[in-house]
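K.L.:
Required output: the full structure, derived from the provided sequences and hints.
There are 2 protein chains.
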Amino acid sequence: MAHINESYFNLKGSYLFSEIARRVKAFGKAHPDAKLIRLGIGDVTKPLPPAVIEALHAAVDEMASAESFKGYGPETGYEFLAEKVAEHDYGSRGVKMAADEVFISDGAKSDTANFQELFAQDCTVALTDPVYPVYVDSNVMAGRSGEMNENGRYERFVYLPCTAENGFNPALPDRHVDLIYLCYPNNPTGAVLTRDELKKWVDYAREQKAVILYDAAYEAYIRDPEVPHSIFEIEGAREVAIEFRSFSKTAGFTGTRCAFTVVPKEAQAYGRNGEAHGLNALWFRRQSTKFNGVPYIIQKGAAAVYTEAGQAQVRGMIGDYMENARIIREGLESVGLNVFGGRNAPYIWVKTPEGIDSWGFFDKLLNEAHVVGTPGSGFGPSGEGYFRLTAFGRRDQTEEAVERIRTRLNL
Amino acid sequence: MAHINESYFNLKGSYLFSEIARRVKAFGKAHPDAKLIRLGIGDVTKPLPPAVIEALHAAVDEMASAESFKGYGPETGYEFLAEKVAEHDYGSRGVKMAADEVFISDGAKSDTANFQELFAQDCTVALTDPVYPVYVDSNVMAGRSGEMNENGRYERFVYLPCTAENGFNPALPDRHVDLIYLCYPNNPTGAVLTRDELKKWVDYAREQKAVILYDAAYEAYIRDPEVPHSIFEIEGAREVAIEFRSFSKTAGFTGTRCAFTVVPKEAQAYGRNGEAHGLNALWFRRQSTKFNGVPYIIQKGAAAVYTEAGQAQVRGMIGDYMENARIIREGLESVGLNVFGGRNAPYIWVKTPEGIDSWGFFDKLLNEAHVVGTPGSGFGPSGEGYFRLTAFGRRDQTEEAVERIRTRLNL
Numbered sequence: 001m002a003h004i005n006e007s008y009f010n011l012k013g014s015y016l017f018s019e020i021a022r023r024v025k026a027f028g029k030a031h032p033d034a035k036l037i038r039l040g041i042g043d044v045t046k047p048l049p050p051a052v053i054e055a056l057h058a059a060v061d062e063m064a065s066a067e068s069f070k071g072y073g074p075e076t077g078y079e080f081l082a083e084k085v086a087e088h089d090y091g092s093r094g095v096k097m098a099a100d101e102v103f104i105s106d107g108a109k110s111d112t113a114n115f116q117e118l119f120a121q122d123c124t125v126a127l128t129d130p131v132y133p134v135y136v137d138s139n140v141m142a143g144r145s146g147e148m149n150e151n152g153r154y155e156r157f158v159y160l161p162c163t164a165e166n167g168f169n170p171a172l173p174d175r176h177v178d179l180i181y182l183c184y185p186n187n188p189t190g191a192v193l194t195r196d197e198l199k200k201w202v203d204y205a206r207e208q209k210a211v212i213l214y215d216a217a218y219e220a221y222i223r224d225p226e227v228p229h230s231i232f233e234i235e236g237a238r239e240v241a242i243e244f245r246s247f248s249k250t251a252g253f254t255g256t257r258c259a260f261t262v263v264p265k266e267a268q269a270y271g272r273n274g275e276a277h278g279l280n281a282l283w284f285r286r287q288s289t290k291f292n293g294v295p296y297i298i299q300k301g302a303a304a305v306y307t308e309a310g311q312a313q314v315r316g317m318i319g320d321y322m323e324n325a326r327i328i329r330e331g332l333e334s335v336g337l338n339v340f341g342g343r344n345a346p347y348i349w350v351k352t353p354e355g356i357d358s359w360g361f362f363d364k365l366l367n368e369a370h371v372v373g374t375p376g377s378g379f380g381p382s383g384e385g386y387f388r389l390t391a392f393g394r395r396d397q398t399e400e401a402v403e404r405i406r407t408r409l410n411l
Numbered sequence: 001m002a003h004i005n006e007s008y009f010n011l012k013g014s015y016l017f018s019e020i021a022r023r024v025k026a027f028g029k030a031h032p033d034a035k036l037i038r039l040g041i042g043d044v045t046k047p048l049p050p051a052v053i054e055a056l057h058a059a060v061d062e063m064a065s066a067e068s069f070k071g072y073g074p075e076t077g078y079e080f081l082a083e084k085v086a087e088h089d090y091g092s093r094g095v096k097m098a099a100d101e102v103f104i105s106d107g108a109k110s111d112t113a114n115f116q117e118l119f120a121q122d123c124t125v126a127l128t129d130p131v132y133p134v135y136v137d138s139n140v141m142a143g144r145s146g147e148m149n150e151n152g153r154y155e156r157f158v159y160l161p162c163t164a165e166n167g168f169n170p171a172l173p174d175r176h177v178d179l180i181y182l183c184y185p186n187n188p189t190g191a192v193l194t195r196d197e198l199k200k201w202v203d204y205a206r207e208q209k210a211v212i213l214y215d216a217a218y219e220a221y222i223r224d225p226e227v228p229h230s231i232f233e234i235e236g237a238r239e240v241a242i243e244f245r246s247f248s249k250t251a252g253f254t255g256t257r258c259a260f261t262v263v264p265k266e267a268q269a270y271g272r273n274g275e276a277h278g279l280n281a282l283w284f285r286r287q288s289t290k291f292n293g294v295p296y297i298i299q300k301g302a303a304a305v306y307t308e309a310g311q312a313q314v315r316g317m318i319g320d321y322m323e324n325a326r327i328i329r330e331g332l333e334s335v336g337l338n339v340f341g342g343r344n345a346p347y348i349w350v351k352t353p354e355g356i357d358s359w360g361f362f363d364k365l366l367n368e369a370h371v372v373g374t375p376g377s378g379f380g381p382s383g384e385g386y387f388r389l390t391a392f393g394r395r396d397q398t399e400e401a402v403e404r405i406r407t408r409l410n411l
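For the protein sequence lines, the chains are A and B, in the order given.
Here the working numbering is used: the first residue of the first sequence is 1, the next is one more, and so on.
Here the working numbering is used: the first residue of the second sequence is 1, the next is one more, and so on.
No lab work stands behind these hints: they were computed from the structure.
Wrong hints could be hidden among the right ones.
Identical chains share a label here; the pair holds if one copy fits it or two copies do between them.
[To be verified] Simulated crosslink set (SDA-like; lysine to any residue; CA at most 20 Å straight-line):
{"hint": "1", "residue 1": "K364", "residue 2": "L36"}
{"hint": "2", "residue 1": "K70", "residue 2": "H57"}
{"hint": "3", "residue 1": "K70", "residue 2": "I41"}
{"hint": "4", "residue 1": "K70", "residue 2": "R394"}
{"hint": "5", "residue 1": "K265", "residue 2": "A98"}
{"hint": "6", "residue 1": "K96", "residue 2": "Y72"}
{"hint": "7", "residue 1": "K25", "residue 2": "G73"}
{"hint": "8", "residue 1": "K199", "residue 2": "R394"}
{"hint": "9", "residue 1": "K70", "residue 2": "I53"}
{"hint": "10", "residue 1": "K46", "residue 2": "H57"}
{"hint": "11", "residue 1": "K70", "residue 2": "E54"}
{"hint": "12", "residue 1": "K12", "residue 2": "K29"}
{"hint": "13", "residue 1": "K25", "residue 2": "G94"}
{"hint": "14", "residue 1": "K70", "residue 2": "D396"}
{"hint": "15", "residue 1": "K364", "residue 2": "D122"}
{"hint": "16", "residue 1": "K209", "residue 2": "Y270"}
P.N.:
Encoded structure:
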């Protein structure tokens, strides 16, 4: 009898988005003329930059003739792209990175979900709370969670609360952990860490022989020069950290799919006998066995992000989204709401008013302003009492949403 | 201390194709003027069909304006593609398949490697021998193999030998197994199963409550009208089978990356308590948690394969490759080699001459004819004494390779 991986039974239904859909649908039925504005899901709305479009067309043409046609590429990505990543994303910031430490992939989602495969099932996982649900669910599926307790927490995970009280800057775990998921700029809180704060984590990981899985998908939104763009700007990080990056939020690739994961040659994990093994070679083995690379066409499109024109276009796009963030942040502050994030991140994290929980605020915003956001409690227990809005909407819609919140919300 | 998934230590050597690459590189260094012809890796050489190129350009243009731009798509694929698959690949052959039973992905390699995640670690895996190494390695990594014994077999796998002696048609397992990997038309042997032979497997799986993971990536190469194109042509298969298909070998997508996996609603596996669970819902959960879908542009390109023009172009391409197969098959037979496959599959499976093993024949072919093939032993112990050539080369190179084998090989 083919038995199921019973760890799947520990997964909690994706209550968050189905519940949002259910409430939005019910509202639409009751108010068929209401014009909803969605600032909930973190999906971009601006088209691909012209430099990328041009490169995609050129690559499609290459696929049309036998002379320039490309079949299987290197599973971990073409050198032409990995080298550009190493040079522009790392070299330019004084971080030395070799092209074969850069693994091109179809998404930070896939990579953050799959990387845990390299580790033993009994590793202890630490997660910030609130958190991007993929880190949680992929480790539940892999059997590292145990069951969920009555507080909505899995018994074997170590939760690191991030709230206004600690400035969304989590304390180090109070016990040993093996794998630490960090995401900065943070989804959903929009918080960032300074070099010193990040160094604390690198030092902890070195001391504990732990591995930091560092999601930097939103690094392009950093404005403050004091905030590190990469964990590898921190001394010693190459031994203990893996970094995930993506073209999704940088260059509008959410539907075009290209990302990369950086695994330094020094990064290690350990056999039961204590012997160290390089994660670079293990990830190479994983990817070459289970993945066949990103489409050539798409990799050519991604490489165009690093041309002079591409860089200027991408900067313009991000600047526009960050202007949305400012509009939302200041608009909400002007009606007395307590607002976090949105300065170095495309996410605005709102404290719900006294006596209103995350779902209560969702309903209030939906009913009074016809604006859809995401209840903070959907990202974990410590997200209760918060609410996420995103800067990825169209400008006119973002402005109208804020105007409605200012004029129609009963606070 | 972050411990490694020690199942990785059970993986043997480097992946077959990397070892070939290593030997070819060394040969190239020693003989810089030799003109190598590669008939080894199953990679296509013909450009994408014009209908696909046209659709790709159109989709790139859609991504250039905000009105038609596509962000995140459905993780399991756009309906416009899944519906075409259901209609053309199944409906047209009398097999009823719903669009939500078709999961669009980036490759049959990813899907055949990942699908095992849904099953318990103690499931017994049956594999034909020789076999596509991805089925083996993904189950080794997942901890289902045990260690390799002195015969080159993992102690916990059940091997189903396929050799000239049994006509490359494996016998049913002599004991209970839970997961059965079958690939027809077969990679590497080029063998096919008739309806009756395939029905034997479906009946066995129903009786044992096992699951058949059926890789039909090469179905487009079937010429014999008696050979089923899909396992779902067999009665009862919807309860016990998953089918993997790909645009790679059908439409030249090896570097463009699009495939699909069919998981019927009736397909089941079991909890420890014996309760049945649908694999369709489990695979949906897996894919929506760990994957973000295939690029919109690429899915539009794949959909063009189903247009009238696309179908005609694809048929022409496959016809050309099958003519290569005939040329190789007849050329090798003319020098007295014993040749299998190549009639309903793009693979030609050659018995190596008396006293020469698979790697010996690899080196011989490389050194004497400057032709690169694939040693049969790389596909498993029962592949020893065989050698794989593929029909995916350019016509002129295929003809020259055969001519060199005829004139330069010391047999």
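K.L.:
All hints, please: hold or fail.
P.N.:
Hints, one by one, checked against the model:
{"no.": "1", "hint": "K364 with L36", "result": "within (13 Å within a copy, 70 Å between copies)"}
{"no.": "2", "hint": "K70 with H57", "result": "both (15 Å within a copy, 17 Å between copies)"}
{"no.": "3", "hint": "K70 with I41", "result": "between (35 Å within a copy, 14 Å between copies)"}
{"no.": "4", "hint": "K70 with R394", "result": "between (37 Å within a copy, 14 Å between copies)"}
{"no.": "5", "hint": "K265 with A98", "result": "within (9 Å within a copy, 46 Å between copies)"}
{"no.": "6", "hint": "K96 with Y72", "result": "neither (29 Å within a copy, 33 Å between copies)"}
{"no.": "7", "hint": "K25 with G73", "result": "between (41 Å within a copy, 17 Å between copies)"}
{"no.": "8", "hint": "K199 with R394", "result": "neither (37 Å within a copy, 55 Å between copies)"}
{"no.": "9", "hint": "K70 with I53", "result": "both (19 Å within a copy, 13 Å between copies)"}
{"no.": "10", "hint": "K46 with H57", "result": "both (19 Å within a copy, 19 Å between copies)"}
{"no.": "11", "hint": "K70 with E54", "result": "both (18 Å within a copy, 17 Å between copies)"}
{"no.": "12", "hint": "K12 with K29", "result": "neither (26 Å within a copy, 56 Å between copies)"}
{"no.": "13", "hint": "K25 with G94", "result": "neither (48 Å within a copy, 34 Å between copies)"}
{"no.": "14", "hint": "K70 with D396", "result": "between (42 Å within a copy, 18 Å between copies)"}
{"no.": "15", "hint": "K364 with D122", "result": "neither (42 Å within a copy, 48 Å between copies)"}
{"no.": "16", "hint": "K209 with Y270", "result": "within (9 Å within a copy, 38 Å between copies)"}
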